[in-house]
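J.: The lines below spell out each chain.
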Amino acid sequence: QKEVEQNSGPLSVPEGAIASLNCTYSDRGSQSFFWYRQYSGKSPELIMFIYSNGDKEDGRFTAQLNKASQYVSLLIRDSQPSDSATYLCAVSNGDSWGKLQFGAGTQVVVTP
Amino acid sequence: EADIYQTPRYLVIGTGKKITLECSQTMGHDKMYWYQQDPGMELHLIHYSYGVNSTEKGDLSSESTVSRIRTEHFPLTLESARPSHTSQYLCASSEGTEETQYFGPGTRLLVL
Chain D
1 QKEVEQNSGP LSVPEGAIAS LNCTYSDRGS QSFFWYRQYS GKSPELIMFI YSNGDKEDGR
61 FTAQLNKASQ YVSLLIRDSQ PSDSATYLCA VSNGDSWGKL QFGAGTQVVV TP
Chain S
113 EADIYQTPRY LVIGTGKKIT LECSQTMGHD KMYWYQQDPG MELHLIHYSY GVNSTEKGDL
173 SSESTVSRIR TEHFPLTLES ARPSHTSQYL CASSEGTEET QYFGPGTRLL VL
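Protein sequence lines correspond, in order, to chains D and S.
Be aware that the first sequence starts at 1, since it is given in the working numbering, and climbs by one per residue.
Be aware that the second sequence starts at 113, since it is given in the working numbering, and climbs by one per residue.
Note that these hints are calculated values from the structure, not bench results.
You can take every hint at face value.
Chain D regions said to be covered by chain S (calculated; three or more residues, Cβ under 8 Å): (1) 41-47; (2) 102-108.
To be clear about the criterion: a stretch of chain S counts as covered by chain D if any three or more of its residues have a C-beta under 8 Å from a C-beta of chain D, and this derived list gives those stretches: (3) 155-161; (4) 206-214.
Quick reminder that beta carbons are idealized off the backbone N, C-alpha and C, glycines included.
With the sequences and hints as input, model every part of the structure.
T.: Here it is, written out as structure tokens:
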């Protein structure tokens with residue numbers, strides 16, 4: 001079992017709709033959770049992070065964390081064609097090394 | 113946000129050659145990381161460093177080596193390149209207790 005799991009997609013979303021991405025993790029000691037966006041051929045860029053259970057909103061993005069169920073999700077509201085990318089979930093166990101475990105990513109395709 | 117640079121961006125090289133991939137950051141981050149990523153696959157941590165003269169191997173076995181003589185510089189070296197080394201190599205950095213990692217643009221390596 002992989003430590004961080006995501007559906008590979010592609011997730012096809014009509015323009016203007018909500019994209020919902022899920023991520024599950026296996027380490028109950030995980031402390032911090034990150035969502036990165038990676039355009040094809042580019043490097044990952046941070047969208048947002050979340051540490052506490054509940055929702056965290058940043059513009060059109062909302063991260064949701066449920067530590068008891070060991071999942072974290074990302075909602076993209078009013079999806080735009082520019083949101084078409086692969087979204088990587090990353091998890092930290094909070095050790096001093098700052099290492100992150102990455103999922104393989106979910107590809108999102110926003111259709112006009 | 114970190115300014116982090118990688119050179120070369122693209123490299124095509126023959127089997128058996130020695131290569132060094134450069135990574136530099138200008139933000140004074142103490143932690144630096146090297147990841148390997150194949151198309152459509154997750155990032156695999158191959159080396160990390162938490163400061164000058166400290167380096168550790170990551171979760172994915174790699175034939176490469178790294179050094180950290182200066183805070184801002186974290187080069188990766190392959191003594192004898194092989195076709196199996198063909199991949200994208202991503203460098204990242206983070207600061208102190210912050211776990212957010214910022215990525216460089218990556219180096220795409222093709223070994224013939």
